[in-house]
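Visitor: Same order as they appear, the protein sequences are chains A and B. So in the numbering used here, the last spot in the first sequence is 640, and the numbers never skip. So in the numbering used here, the last spot in the second sequence is 996, and the numbers never skip.
A hint or two may mislead.
Unchecked claim - If you want the ones that stay clear, here's a sample from chain A, every Cβ over 10 Å from chain B, calculated:
#1 K41
#2 K251
#3 L338
#4 A396
#5 N438
#6 N490
#7 P497
As the list claims (entries may be wrong) - Taking lysine-lysine and the DSSO-like style, the derived pairs with C-alpha atoms no more than 27 Å apart in a straight line are:
#8 A:K71 / A:K235
#9 A:K251 / B:K775
#10 B:K346 / B:K381
#11 B:K217 / B:K296
#12 B:K303 / B:K239
#13 A:K251 / A:K548
#14 A:K251 / B:K217
#15 B:K296 / B:K239
#16 A:K484 / B:K656
#17 B:K764 / A:K484
#18 B:K303 / B:K235
#19 B:K352 / B:K775
#20 B:K346 / B:K219
#21 B:K354 / A:K432
#22 B:K217 / B:K239
Because the hints were derived from the structure by calculation, they are not lab data. Don't be surprised by glycine CBs; every beta carbon is placed ideally from N, CA and C.
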Amino acid sequence: MMPSTHDWINCPLGVVEGMFAASQNNPNSGWEAKAVEFFKNQLKEKDAHTWVPSLNDVPLHYLKPNSLVKFRCFIQDMFDPEFFMGVYETVDPSTKAKVLRCGKYKDVTECGVDFNSSNTVTAERQTFYCVPIPGENPWVKESYASTSQARVVPSTSYAPTRQKRSYEEDDDDMDTQPQKQREPHAGPQSPTEHHGNGDCKRQETEAPSNQTASASHLDLNFPLPGEKGPSCLVKVYEDWESFKLNDLLEVYGILSVNPALSALADEKDTSSSIQDPTECMETAEEQRVHSPPASLVPRLHMLYARPLPHNNPLLPCTTVEDNSAFLSSSLSEMASVRAELLAYFTHILLGDALAAEYLILHLISNVYTRRDVLPLGKFTLNLSGCPTAASYTERFYQIIQQLVPSSYYLGMSLQNMNQMRLVPKKDYVANRLVSGALQLARNTSLFLDETQLEQGQLDTTGVRNVTALGNLISWQKVDYDFNYHQMEFPCNINVLIVSEGRSLLPSDCQIHLQSQVTAPQLEEYLSSIHMHPQSSSQLNKFRIYLCMARQLDYNISDEMTKSVEEDFVDMRKDDPQSVSAEDLHRMLVVARLLSLSLGQTSLSRDSWLRAKHIDMLRRSRMEQHKCVNGNEP
Amino acid sequence: MSRKDYAAEKDKCKRFLQEFYSEDDNGKKVFKYGAQLVALAHREQVSICVELDDVAEEDPELVESICENAKRYTGLFADAIHELLPEYKERDVVAKDSLDVYIEHRLMMEQRGRDPADTRDPRNQYPPELMRRFELYFKPPTTNKPKVVRDVRADSIGNLVVVRGIVTRATEVKPMMAVATYTCDQCGAETYQPIQSPSFMPLIMCPSQECVTNKSGGRLYLQTRGSKFVKFQELRIQEHSDQVPVGNIPRSMAVYARGENTRLAQPGDHVAITGVFLPLLRTGFKQAVQGLLSETYLEAHSITLMNKTEDDELGNEELTEEELRDITDEGFYEKLAGSIAPEIYGHEDVKKALLLLLVGGVEQAPKGMKIRGNINICLMGDPGVAKSQLLSYIDRLAPRSQYTTGRGSSGVGLTAAVMRDPLTGEMTLEGGALVLADQGICCIDEFDKMADADRTAIHEVMEQQTISIAKAGIMTSLNARCSILAAANPAYGRYNPRKSIEQNIQLPAALLSRFDLLWLIQDKPDADADLRLAQHITYVHQHCRQPPTHFTPIDMKLMRRYIAVCKKRQPVVPESLADYITAAYVEMRKEARVSKDTTFTSARTLLSILRLSTALARLRMMESVEKEDVNEAMRLMEMSKDSLQADKSSTTRTQRPSDVIFSLVRELSTEGVAGRGGAGGVVRMAEAEQRCVSRGFTPAQFQEALEGVRGAERVAGQPGPQPHHLRLNNVHPAEGKTLYCYSTDFYWGIFIFPLQHFVTCQAERGHLLKHDHFAKHCCWRPIAFYVKE
């Protein structure tokens, strides 16, 4: 007997319980694995996953409790494992009949549990605190929402009770009708209002509308300030070892928003006996963090989770191997898309084609492997010589934002550096990892705006923050602060630094922008860029291109290796001071990215020469610049 | 499964406690637990610890049951002891506190009221917990390995487990009610309520016979004085950072400590806790709401503090024979050194020096004067020559280390700072990096950019290994027994070989001389090395992994353990070597005077040689220093000096096997000479070859090196009339270089002439070479001189 679609989405617990009941007669049936397999198979069916409503775009109070939902999320914290009754026995008070029940995938038991039954089986599960992907850009959210085919009906019985506390209220306006495509004109939500003037401004503009009473007593612990969306406690039953902090997941699970869960937390606050030692152990803060009201932080009992290699909705979300057909079909187009993109970037970068070339390389860079401590493939770009006029850097960021799935703008103003929490820190009182802005998912674009930096003094936090940024750039790792020790978390973040002079932070590659536009015309020039945004099909092409180039395989033939080696030796012979091991590393990375950007999966002689050539151009420009500005450090 | 007969089990416990004995040296029986029971009976001891290793001797099966059902057996043992105690009581004990008096009175009451007809309500009987004043703990069998918090799973519920971790939170110690005592306002009867769970429902109605039959409705009142309280503290422990898999958050666990186990640990302590892993029972409403969940905790039986380094090593069993053989096979010294930062190409000698730094020399303290054993190394070099990578690798490899930059950002800096505690307002000392690295390694990057205050303090640390503080009324001296590994950048961007070290890195000579070894890592073009470097880098990019080397780098963990084992050795310098070392030192001094040396050769150099050679002996796991150790130590010194020397291409010197062979031969020759106080020496070919082979070179390599000399540029000259004379045609190409003299197939003579000395004597064309040492030590006829770079 196969449950219908409707059943497995609307009442997944029924399916699980059915399987549990059927397995009672033979103990070795392995029903748990079967249940998971069942859901996996159901979801594999064509489009099946689009029928499942997503927590990302449907407000919580429209979702039916105990139904199957999905959640595109980022593992922000991992709590200690929980022990629960995997199997328990209930006693009917009137008939005294005992029934075995399954305790998996739920939070609350039926009444009449026999706590002393010998049939109780204690099992273990893991809780992850998940938040929406930090820095996910609006176009990604919209695109995902528009592909959803889930029919969501506001549950009338549930909604009123939620109204009062729901945190979602204010930002629902854009999500309440996920089906309805919004007018294309409003299209990519004008980012100006969102990312106007760095963080301070954002907080100012949004704080009153958004962070209402609910947020004041409950910090949802988003890595980036000003983020919104639901966070979720995901309960994992199988293979939790395979998940890591900062992983991107698409979780399919059973939603649990039972108010009793909140009661557990509330009751604590009001009255409890002084004798209770759990009072002193689980502090109020800890309670608040680990059992927040379900209306704010729903529980999700994971049935199946798919690790996301990227969060670009335009690309099929499978592993590289399965994807090869798709990739190879688009390889041929890459060169042409690249040319268009280059032209677009040249236009944006005030007519500087070389900088545009480097920008493309930067955007498709990716730490593909680590050799001990050294990450390979990172390509941090320092774009110096950016005009400070006409809020150029912010406009520039808005364009990047349109192209990459997730990004974050960090204005390096003194105030930000001295006040922001960049590095996550363990809070032992609440027993949680307090997030910081550098807790980012893989391949997020971090846009550091150094033009915001003004004279002044960095305090202790500021120095620590700058060090953390430096570590991030040089080693692609963030040392999370665990108070008694530090823990190193490797990351993979594309850092782009825009500055006036050379950046105070290290970078793999610095290029000085050569503007073809004179200062007085700048304003006009910039507004013209904005007046004529790219058509959405064009933008989509770029988006696909950037993500795809990153996923390609790449190799260097032995022949090429030899000629590169010889080249290096020759270069050293001519001028040993100018070429070091680091330069070779960089040139190999440039050659790699250059080949990939052209859709070539192996290094060719031409690409190597071209990489050498553009690197030379870049260096000569730097030297020139040095001569012009004697004060350059 | 049949239920266990716990009465029988209890008898087993009893028997064990009474009968267990061990024999002391005189063959006398010592009743270990009997003696403790006597102490318990007289209230001289509070806790008794049952060692399960002892139980295992008597009844291995019982141990298993205890480990699996520890809570129950704690009760059984406690009951057994309770029953046994009166037998062990030898004299009356004066009551120590009110509870003792209560217990006494209650016992008397019980005896007085012992009337067969009077069957008391069971609840009015004294619960055993109330009458006990001892605590019982188990010590797990030594076979029980400590677990990681992560590995304590649902299946260990009820078991006795040992876990390791760091305490992250400790509550105040609070009294916790163990037995509540009530009195009735009507009949005056006492009622007792043992409490197991964290909360309890107080009794209200008197359950005594009298009240129930009379329906007098007697109310119960809680009596604090008659109740029993235990000390109670909760801890939270968290996994160590090295036990956490990559990309995971450390797990934590709640620990309940009662009685004697309280107040043992502070937040931040590293502890090993033995305890019973239990679910937390909740009652009433909470149980219903909590529903499916159950919280767990560890009921502590013992809490042991440990420091981090010890803990790292203790966990790992001794090195197995196989592992030892793996490490100590042929060329182990090179292999170990090569395993340091394998991702950084080349720099073999620097890595060797770093290896010695990790092992450390032997500390000496003759007559209270302390001579440090820690080796200090300074790496200098052009920007971008992997200095920082080497530092960070050592930081990771060393079991205890601190990584900091000279311009430390925190106010504490490198040394120590006096801080005002925000809570109490007291002045407290907070240690800086050097203090925290005590007994370890302090890696200081950007050494040249150090703050002045730290720079003065570091003088003391580097020789006396202490830090003296006289600030804000606190005058003290803190231990800072650490090795310093520093990295410095040249003052002018690049190292200028024409200037002295002090000028290059703006550090005073006093500080520089405190470093045992100074390395200058320079980035010099060299087609050969460049090619290999390029090969290395392209390989990495091509294959995304380390290129295959002739050896596989030793695993970091294994290295750490091996180094820990090495550190236990305390090799001594044998008497016989003393002369040799002094002679070598004298020679070095002489040489330093002759060649305008930019480095210093002082008494500190001698100490450095001793330190390095003891470290080498340690590395070989030997108890005494051998001549070879001293030679290698001197070679390293030489190499480090060479690296600083102007225009001597250190890269070629240090890396080719032939160079190493030459330096070996040179050492051999100096060995032979040292006794005679000369500068040149004679070495037999066979001896030289043997030495080279013992250092891991093949005879073929040796021959090759020899050929290399033969093929080198020849300094033209003819044999002079006397056997030890040589007529030089042209001195010029040999200027400033080492001359290798090749005579016959049987002899190798290596002369290290500083040529300017030579030239000033007789540098004219066609002159006869006549050197004192020729005459003194050579009885052979030199055929030709060759110049070898």
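Visitor: Are the hints correct? Go through all of them and say.
Guide: Status of each hint after checking the structure:
1. K41: holds (22 Å)
2. K251: violated (3 Å)
3. L338: holds (21 Å)
4. A396: It holds; A:A396 is separated from chain B by about 34 Å at its closest Cβ, greater than 10 Å.
5. N438: Non-interface label on A:N438 violated, nearest chain B Cβ at 7 Å vs cutoff 10 Å.
6. N490: violated (8 Å)
7. P497: With a cut-off of 10 Å, A:P497 comes too close to chain B, as the shortest Cβ separation is near 7 Å.
8. A:K71 / A:K235: Roughly 21 Å separates the two Cα atoms, so the pair holds.
9. A:K251 / B:K775: Roughly 39 Å separates the two Cα atoms, so the pair is violated.
10. B:K346 / B:K381: holds (25 Å)
11. B:K217 / B:K296: holds (21 Å)
12. B:K303 / B:K239: Distance of about 25 Å is within 27 Å: holds.
13. A:K251 / A:K548: violated (32 Å)
14. A:K251 / B:K217: Given pair A:K251, B:K217 is violated - Cα atoms ~48 Å apart, limit 27 Å.
15. B:K296 / B:K239: Roughly 16 Å separates the two Cα atoms, so the pair holds.
16. A:K484 / B:K656: holds (25 Å)
17. B:K764 / A:K484: OK: B:K764 and A:K484 at ~22 Å, within 27 Å.
18. B:K303 / B:K235: Status violated; Cα separation ~34 Å.
19. B:K352 / B:K775: Given pair B:K352, B:K775 holds - Cα atoms ~24 Å apart, limit 27 Å.
20. B:K346 / B:K219: holds (18 Å)
21. B:K354 / A:K432: holds (26 Å)
22. B:K217 / B:K239: At roughly 19 Å apart (the allowed maximum being 27 Å), B:K239 and B:K217 satisfy the hint.
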